[in-house]
Structures are given as C-alpha cells and as structure tokens.
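> Between the sequences and the hints, there should be enough to build the whole structure, so can you do that?
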Amino acid sequence: MTKGQAISLQKNDGGSLTSVRMGLGWQAAPRRGLFGSRTREIDLDASAVLFADKQPVDVVFFRHLVSDDGSVRHTGDNLVGGVGQGGDDEAILVDLQRVPVHIDQIVFTVNSFTGQTFQEVQNAFCRLVDETNGQELARYTLAGGGQYTAQIMAKVHRSGAGWALTALGSPANGRTFQDLMPAILPVL
Amino acid sequence: MTAELVRGQNHPLSQARLEVRISAGTPVVAAATFGDADGRIGGADRVAHPGGPVLPGLEVSRQAAADHRLAVDLDAVPDAVHRVSVLLALPAPGRTGPVRFGAVAAPFVAVTGLDGSEIASFTMTGLDAETAVIALELYRRQGAWKVRAVGQGYAGGLAELLTDQGLADAHGLAASVHEAVARGRADAVPAPPPRPADGDRSRPTAAPALGPDHGDTAAQGAPGPVPSPPAYGPQTPGTPGQSPTGPQQPPPPFPGGPGPEDATLAQPPAPAPGGPVDYSHPRRQTTAPPPPPPTVPPAEPGQPARPVAGDATGWSMEERLYNQVWGMFEDLARTMAAYRSAVDFADSRLEKELDQVLSDPRSRIGGHGDAARETARERYDSLVAQARQVLDRDLTQLAAESDVVEPALPLAYARWDHPVWHDYRVPMEIPMAVRLGDLHLPEADGVRIPMLVRLPLERGLWIDSGRAPSLDGSFGDAHELRGLALEAAVAHAARLLAVHPAGEFTVHVIDPAGAGARELTPLVRSGVLATPPAAGAAGVADVLSRLTQRVDLVQMALRGGAADALPPEFDTSQHLLIVNDFPHGFDDRAVNQLRYLADEGPSVGVHLMMVADREESAEYGPLLDPLWRALLRLTPVADDHLADPWVGHAWTYEPPLVPSGSQVLQRVLTEVATARRTWGR
Numbered sequence: 001m002t003k004g005q006a007i008s009l010q011k012n013d014g015g016s017l018t019s020v021r022m023g024l025g026w027q028a029a030p031r032r033g034l035f036g037s038r039t040r041e042i043d044l045d046a047s048a049v050l051f052a053d054k055q056p057v058d059v060v061f062f063r064h065l066v067s068d069d070g071s072v073r074h075t076g077d078n079l080v081g082g083v084g085q086g087g088d089d090e091a092i093l094v095d096l097q098r099v100p101v102h103i104d105q106i107v108f109t110v111n112s113f114t115g116q117t118f119q120e121v122q123n124a125f126c127r128l129v130d131e132t133n134g135q136e137l138a139r140y141t142l143a144g145g146g147q148y149t150a151q152i153m154a155k156v157h158r159s160g161a162g163w164a165l166t167a168l169g170s171p172a173n174g175r176t177f178q179d180l181m182p183a184i185l186p187v188l
Numbered sequence: 001m002t003a004e005l006v007r008g009q010n011h012p013l014s015q016a017r018l019e020v021r022i023s024a025g026t027p028v029v030a031a032a033t034f035g036d037a038d039g040r041i042g043g044a045d046r047v048a049h050p051g052g053p054v055l056p057g058l059e060v061s062r063q064a065a066a067d068h069r070l071a072v073d074l075d076a077v078p079d080a081v082h083r084v085s086v087l088l089a090l091p092a093p094g095r096t097g098p099v100r101f102g103a104v105a106a107p108f109v110a111v112t113g114l115d116g117s118e119i120a121s122f123t124m125t126g127l128d129a130e131t132a133v134i135a136l137e138l139y140r141r142q143g144a145w146k147v148r149a150v151g152q153g154y155a156g157g158l159a160e161l162l163t164d165q166g167l168a169d170a171h172g173l174a175a176s177v178h179e180a181v182a183r184g185r186a187d188a189v190p191a192p193p194p195r196p197a198d199g200d201r202s203r204p205t206a207a208p209a210l211g212p213d214h215g216d217t218a219a220q221g222a223p224g225p226v227p228s229p230p231a232y233g234p235q236t237p238g239t240p241g242q243s244p245t246g247p248q249q250p251p252p253p254f255p256g257g258p259g260p261e262d263a264t265l266a267q268p269p270a271p272a273p274g275g276p277v278d279y280s281h282p283r284r285q286t287t288a289p290p291p292p293p294p295t296v297p298p299a300e301p302g303q304p305a306r307p308v309a310g311d312a313t314g315w316s317m318e319e320r321l322y323n324q325v326w327g328m329f330e331d332l333a334r335t336m337a338a339y340r341s342a343v344d345f346a347d348s349r350l351e352k353e354l355d356q357v358l359s360d361p362r363s364r365i366g367g368h369g370d371a372a373r374e375t376a377r378e379r380y381d382s383l384v385a386q387a388r389q390v391l392d393r394d395l396t397q398l399a400a401e402s403d404v405v406e407p408a409l410p411l412a413y414a415r416w417d418h419p420v421w422h423d424y425r426v427p428m429e430i431p432m433a434v435r436l437g438d439l440h441l442p443e444a445d446g447v448r449i450p451m452l453v454r455l456p457l458e459r460g461l462w463i464d465s466g467r468a469p470s471l472d473g474s475f476g477d478a479h480e481l482r483g484l485a486l487e488a489a490v491a492h493a494a495r496l497l498a499v500h501p502a503g504e505f506t507v508h509v510i511d512p513a514g515a516g517a518r519e520l521t522p523l524v525r526s527g528v529l530a531t532p533p534a535a536g537a538a539g540v541a542d543v544l545s546r547l548t549q550r551v552d553l554v555q556m557a558l559r560g561g562a563a564d565a566l567p568p569e570f571d572t573s574q575h576l577l578i579v580n581d582f583p584h585g586f587d588d589r590a591v592n593q594l595r596y597l598a599d600e601g602p603s604v605g606v607h608l609m610m611v612a613d614r615e616e617s618a619e620y621g622p623l624l625d626p627l628w629r630a631l632l633r634l635t636p637v638a639d640d641h642l643a644d645p646w647v648g649h650a651w652t653y654e655p656p657l658v659p660s661g662s663q664v665l666q667r668v669l670t671e672v673a674t675a676r677r678t679w680g681r
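Those sequence lines, one after another, are chains E and V. Residues 1 to 188 (the working numbering) make up the first sequence, in order. Residues 1 to 681 (the working numbering) make up the second sequence, in order.
FYI, nobody ran anything at the bench for these hints, they're computed from the structure. Even for Gly, the Cβ is constructed at its ideal location relative to N, Cα and C. Just so you know, not all the hints are guaranteed correct.
Listed next, the stretches of chain E that the computed footprint assigns to chain V, with coverage defined by at least 3 CB atoms under 8 angstroms from CB atoms of chain V [to be verified]:
id, region
1, 50-63
2, 100-106
3, 158-168
If you want it as structure tokens, here you go:
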C-alpha cells in the first residue's frame with residue numbers, strides 16, 4: 001500500500017471481515033563503525049484510538065490493553081522489537097463485529113517511547129491481517145525514516161455497511177498517543 | 001518466576017551460568033551431549049558422562065544419583081555447538097534398581113540460576129518402558145540460548161538414544177558409561193536404611209548427599225503430610241489412589257456436552273495391585289494433557305455458534321466452567337460498556353445539535369428549527385436503536401450460554417435450587433471456587449452471572465446488615481434486615497462447609513448477646529459447629545484469643561520454614577469466624593484482635609465473616625475503616641455495589657437464597673455433621 005491509498009475490507013466472496021489484526025514490526029538499525037554490534041534497544045509502541053464523530057472515545061495502548069467494550073485488544077508491550085525477524089512485534093486485534101455502533105474510525109499510531117527517531121529503526125512495517133485465516137490484506141512499510149518519533153499509520157473506518165482501511169503514514173512527534181492527538185485530528 | 005514447561009515448550013534463558021537440577025525417585029545417570037546445528041554428535045568426546053564428566057562449560061556427576069546438579073556455563077560452550085542435550089538413563093540392568101522409567105516417579109528437571117532461583121522446570125510424565133530419556137535441551141536461537149522441554153524416551157536405552165543423535169560408536173560408549181557408574185557406586189557410601197517412622201517417604205538413594213534441592217524432590221515425590229494450611233494450589237478433583245469406598249462427588253450432569261467427561265480422566269489410572277506405585281504428588285499439576293473440551297457443534301451458516309457448557313480453557317471440567325463463567329462476566333461487562341458508551345455519545349450529540357438549533361438565527365423563522373430538531377432526534381433514536389440491537393444480540397447469546405452452563409455447574413458453583421444439591425455427598429476435594437451469589441446489570445435483567453470466588457478465600461466477608469438505601473425500598477425494618485443478614489451469613493457458611501471435605505473447614509460463631517439464636521439454628525442443631533456460639537464478653541475474648549494464637553503459631557511456623565514443626569495433632573483446616581451483632585460485647589482489645597485476624601488471618605487460613613452495620617460501629621471511629629476495607633461486602637438483599645474489574649460497572653448483587661420451604665440446607669448440614677463425626681474431628 002502507499003500513502004493515502006484506501007482499500008475496502010470486503011472479502012472476495014462478498015462477506016465482510018469479522019476480525020483483523022494490525023501488526024507492527026521493527027528492528028533497531030545497526031550502527032556503523034566501532035562497537036557497531038552494540039544495538040540500542042528501541043521501544044516502539046502501537047496504539048489504537050477509537051473515534052466517534054471525531055471525538056476520541058477510547059484508546060488501546062500498552063497501559064490499557066483492551067478497550068472497554070472489548071472489541072480492540074493489544075497483545076502486549078514489546079520493549080525491544082526485532083524478535084519476530086519479520087513477524088509482528090506488537091499487534092492490535094480488532095473484532096469488527098463488536099466495535100460499538102457509534103465508533104466510526106479507529107486510528108493506528110506508532111510512537112517511539114524511548115525517543116529514538118525513525119532514522120534509527122529499520123525494517124519497520126505495519127500490516128493488516130485477516131485474523132480468521134491469517135491472510136495479509138495490506139502491508140505498509142515505514143520507508144525513509146526521518147527525523148520524527150511517531151507516525152500515524154492507518155485508519156480503519158466505516159464505509160457503507162462494512163469497513164475500509166486507509167493508509168495514512170503521516171509523521172508526527174510524540175512519546176505516547178496523547179502527544180499525537182493534534183496530529184491525528186486533521187486526518188480523520 | 002518459574003515457567004512450568006510442557007513437552008516441546010521452550011523458554012528463553014537470560015543468563016549464561018546456570019544449573020540444571022534433576023530429581024528422580026531413584027538413582028539415575030545424568031549425561032549431556034553437544035550437538036551441532038543438525039543435532040548430531042560429532043564423536044564420543046562430545047558426550048559428558050560419568051566416565052568422562054567434563055566438557056567445556058559443563059560437568060556431570062561421576063555416579064548415578066537420585067538428585068543431580070549440573071553446572072553449565074553457556075558462554076564457555078564452543079561456538080560450533082548448537083544444542084546441549086541433557087540425558088537421563090537408568091543404571092545398567094541386572095542390578096537391584098528399577099528396569100524402566102515407568103516403574104519410578106516422574107523425573108523432574110529444573111533450570112535454575114546460580115542463586116537457586118528456578119527459571120524453568122519440567123516434569124517428565126508418561127514414561128513407560130524407556131530406560132533412557134532426553135530430558136531437555138539448551139539450544140542457540142539467533143545468538144541467544146533457550147531451553148526446550150523434550151522428554152523423549154528410548155526403550156533401547158542409552159545406546160539407542162546416542163545412535164539416534166548420530167553417534168557412531170553408541171553401543172561402546174553406552175557400555176563404558178554403565179561400567180563407570182558401576183565403579184562409582186562401589187566407591188559411594190551405601191544408602192542409609194529406610195527410616196521406619198515414615199518409610200513411605202524414603203527413597204532408595206545411592207548418592208550420599210542430597211543437595212539443598214531436597215525440598216523440590218519432596219514436593220513432587222511421595223505425598224507426605226504437608227501441614228501448611230495455605231498451600232492449596234489449584235485443585236484437580238479426584239486423587240489417584242483415593243479410597244474407592246469413600247464418598248465421591250457425583251459427576252455433574254452436562255446436558256449439551258458430549259457425555260459425562262469427568263475431570264478424573266485427567267488423572268493417571270489408579271495403580272493396579274502389585275503394579276508400579278505412582279509417586280507423583282496428588283496436588284501437583286502434571287503435564288498430562290487435559291481431557292478434550294466439549295466440542296462445539298459447527299454453527300449453521302449465518303447463526304452464532306450454539307453455546308456449550310465448559311467451552312473454555314482448563315485442566316478439568318470444574319476449571320473450564322470457572323473460566324467460562326468469568327468469560328461470560330467479562331463479555332457482559334464489555335458489551336454493556338459498548339452500549340452505554342454509544343448511548344452516552346448519542347445523548348451528548350443530541351444535546352449539542354439542539355443547542356446549535358437554538359443558537360442558529362435561521363431557526364427562529366418558520367419551520368426550519370422544528371425540522372432540525374426533528375432530524376437530531378431521529379439521528380439519536382436510530383443510533384440508540386442500533387446500539388440496543390447489538391446489545392440484544394449479545395444478551396441473547398449470553399442468556400443461551402447461561403442456560404447451558406447453569407445446569408452443568410458442580411456443587412460449589414450451583415444455586416441452592418440446583419438438583420446437584422439434592423443428592424449431596426461430602427466431597428473429597430476442595431473446589432477451585434465457590435458461588436457467593438448472582439450478579440446482573442439493570443439493562444440486562446435476564447442474564448445472571450454466578451459470582452464465583454476462589455478458594456481458599458483471599459479476604460473475609462462482611463454481610464452488611466445496615467439500612468442501605470435498598471433498590472426497591474421495601475426493607476425499612478432494621479431488625480428484619482439484621483435477621484436477613486445473619487440468615488445469608490448462615491447460608492454462606494453452610495455452603496463453605498458443604499464444599500470442603502470433612503474436617504477441612506471449621507466454623508466458629510460469636511453471638512455476644514444471643515441475638516441471632518433463631519437464624520443460627522441450622523448450624524447449631526445440625527452439629528457442624530466445633531463449639532456452640534460464644535456468648536458474652538468472656539466468650540468473645542476466648543474465641544478471639546484462640547484464633548489469634550492459631551494465626552501466630554501458623555505464621556511463625558511458615559516464616560521459619562518449619563511447617564513440619566507444628567504438632568502432629570494440629571488441625572490444618574480452614575477456619576471461619578462468624579461475628580454477629582458487632583460491636584456489641586467487644587472491647588478495645590477484642591476489636592484489635594479482630595483487625596489482626598482480618599489482616600493476617602487469610603494467609604494462614606483463618607477468615608472472618610462479619611455480620612454488622614457499619615454505622616453502628618461508628619463509635620470506634622476511623623479505627624475500623626481498615627477492617628471494613630479488608631473484607632468483601634455482601635448484602636442480604638439485592639444491592640448494586642459491586643464493581644467488575646474491567647470497566648467498573650456497578651453490578652447488582654443478589655445473595656444466593658435457599659428456596660423458601662426447602663429443606664436442602666438442613667439436609668446438607670446433617671450430611672456434613674455426620675461426615676465430621678465419622679472423620680473424628
């Protein structure tokens with residue numbers, strides 16, 4: 001997927017998706033020169049913010065792993081990344097059937113909790129997987145790591161009777177999702 | 001934090017210097033092999049065994065022993081080595097020892113840090129004709145070491161095992177290992193003769209010294225008397241070797257399930273006469289696979305799956321039902337949170353839109369404003385209707401689940417009107433949890449969630465006899481409320497007595513002014529109480545000082561690590577103290593003792609059940625606040641005061657009432673009293 005691209009989350013057979021997983025993976029970029037093998041640990045955090053009509057209703061992040069309504073679940077904080085070597089280091093599961101009726105957008109963000117910019121991260125990606133069969137629906141790579149510490153990755157929003165995914169990829173700065181709120185609002 | 005591994009499971013190792021501790025009920029040979037990336041051993045010099053015990057970074061014992069401690073330094077292991085397998089083998093046949101692992105206790109291995117802290121452990125169950133086994137392997141994974149529980153046995157012994165790992169002269173090496181062991185045994189101090197006093201606990205050990213990990217062995221070895229009251233882990237019903245003539249808990253009926261899948265299936269079969277003795281600890285969770293959960297029939301297309309009782313994780317039906325009930329509780333809490341959040345949002349949106357209409361000058365002219373108001377209300381109604389539809393869908397599903405779960409519940413979880421109470425027998429095992437009542441939410445009156453609380457109780461109970469602003473306002477009479485509170489307390493106590501095996505639960509009652517004589521009759525007349533209800537200041541002081549002493553004694557023994565030192569006749573049961581009519585008859589000293597019991601009692605199996613009105617004890621001021629906070633507040637009438645741990649809704653609690661006119665309580669208590677007399681406690 002590329003920035004700004006939107007896909008509909010309808011299955012090929014016409015049925016709509018029931019459960020999706022937003023996976024996040026990354027590795028710390030190795031440093032060049034002396035002591036190059038010493039990689040510093042980078043703690044990226046995935047968060048999901050649930051919006052109803054542009055008002056934040058609930059947030060799922062490492063301190064609040066399950067949304068109150070139980071529809072969005074974080075699988076837990078990963079403090080170093082790179083464990084899965086291409087697999088997801090953090091994942092957020094969304095049970096689309098259980099998302100409360102007034103929630104119309106779910107925004108996924110990534111923050112560097114330890115403060116490194118994305119220049120020091122390599123192989124970072126976010127992907128959306130159909131949790132029922134493990135099929136990857138979309139993959140979005142955090143290319144060209146710049147001088148920023150957060151990124152608003154994508155949003156899942158209601159479209160017609162079903163849901164659609166839009167890749168956002170807009171950079172921002174902040175340690176946790178709270179810092180990102182001003183940056184999120186324009187993309188809703 | 002110890003990871004109890006099951007076969008095939010792995011666990012990361014964060015440190016390089018480790019000890020592998022092995023405990024078997026009989027002398028075994030410990031060895032280790034170094035394998036390459038393919039798991040193959042290059043040659044005999046890659047095997048640490050009693051004949052050649054040292055490899056870089058690893059050393060094994062020179063002789064067979066029931067307990068081994070292998071020091072491992074993973075940093076010193078050569079880079080070409082990708083896998084370190086730890087092996088156990090029985091000494092060569094023809095000796096007096098056992099000839100197969102099936103005849104001895106399940107060997108137990110643990111990986112510990114140098115300070116003895118356990119990192120991972122693994123009990124090798126299910127071995128039979130094997131005489132050698134790969135216990136676990138330490139392996140490199142992307143530059144880090146991990147441990148994997150293997151438990152692969154070989155009936156052909158060490159030779160077959162080494163052949164399987166690709167060693168050319170496996171038979172020659174195996175023979176030399178056994179020869180070295182035989183030589184080592186001749187040099188060893190002979191095993192001490194078994195002590196006659198507790199012969200069933202002694203183990204045939206050839207090794208002279210048992211390491212400090214002896215405690216580990218005892219914990220998983222023979223089931224000796226372990227008199228520490230709070231040591232109850234999760235229980236699996238049905239103990240191997242229990243008296244077949246003793247009263248058994250009838251298997252609960254499982255309508256909807258695929259037949260009576262009793263949890264006892266999880267247990268190893270009872271030992272046949274003359275067969276091998278099962279040394280595994282009856283309270284220890286084995287790695288035997290749990291009985292399969294009931295299979296859910298495939299849902300019809302477009303329909304939600306039909307719920308089935310026991311459709312949750314767990315080692316026994318009891319545990320699965322417990323987890324299922326908690327799952328229902330959480331689902332109801334969360335689906336209600338979704339509904340309430342949607343309605344709140346609709347409310348605030350409506351308000352905002354109506355405000356906008358008011359402030360819009362155009363709305364003052366003609367029907368424009370009315371139309372806008374109409375639209376706003378329609379949007380509100382449609383959103384709320386949508387939310388309600390989703391809620392109803394979820395409630396229907398939960399109600400259907402509740403309909404199949406309730407009849408399947410075992411004794412301790414069942415309502416008093418459940419048929420399982422009618423053919424009540426005193427159980428042999430303490431259940432995981434007990435039902436203290438029902439919970440529901442106002443928007444979902446039809447779905448009642450059993451309120452299950454783990455046993456042994458973590459905190460005492462406070463049955464509030466105060467005149468709380470009740471839901472329906474019908475209970476105005478303070479006296480009547482006090483009677484109801486004590487009745488509820490008696491029902492809770494009766495249930496706790498009934499779900500514990502005979503003699504494992506003791507109830508004391510303090511009723512200083514004798515005000516509760518009528519409500520206490522069921523307990524008194526059936527003879528389940530250890531002593532009659534204590535009355536008067538002297539009675540209060542006597543009961544409290546006895547229980548305080550007990551708490552002190554058990555605490556001292558546990559802190560000193562000398563639970564064995566308690567006198568043998570010391571009764572290790574759980575104790576419950578019902579205090580009626582607090583604070584009448586209590587002086588400052590007694591109040592302090594009560595607070596001490598509330599704070600320190602639960603950890604040593606002494607629990608409080610206060611039947612009291614908080615207002616009435618206000619004369620003690622804030623002194624008593626910690627006491628109330630330490631207790632779980634229940635009410636004798638429906639009251640919405642309990643919060644769930646996820647969202648914090650206020651749940652309406654309903655006490656478990658014995659159906660009026662039913663004799664079930666009396667019958668159950670009579671049965672308990674008979675059993676207590678039979679057990680002589």
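> For every hint, state whether the structure bears it out.
Going through the hints against the structure:
1. Restraint check on the region 50-63 of chain E versus chain V: 5 residues with Cβ-Cβ distances below 8 angstroms, three needed, restraint holds.
2. Coverage of the region 100-106 of chain E by chain V holds in this model, with 3 residues showing a Cβ closer than 8 angstroms to a Cβ of that chain against a need of three.
3. Remark: the region 158-168 of chain E is not confirmed as covered by chain V, as 0 of its residues place a Cβ nearer than 8 angstroms to a Cβ of that chain, below the required three.
Hint check: a violation occurs at hint 3 only; the rest are consistent with the structure.
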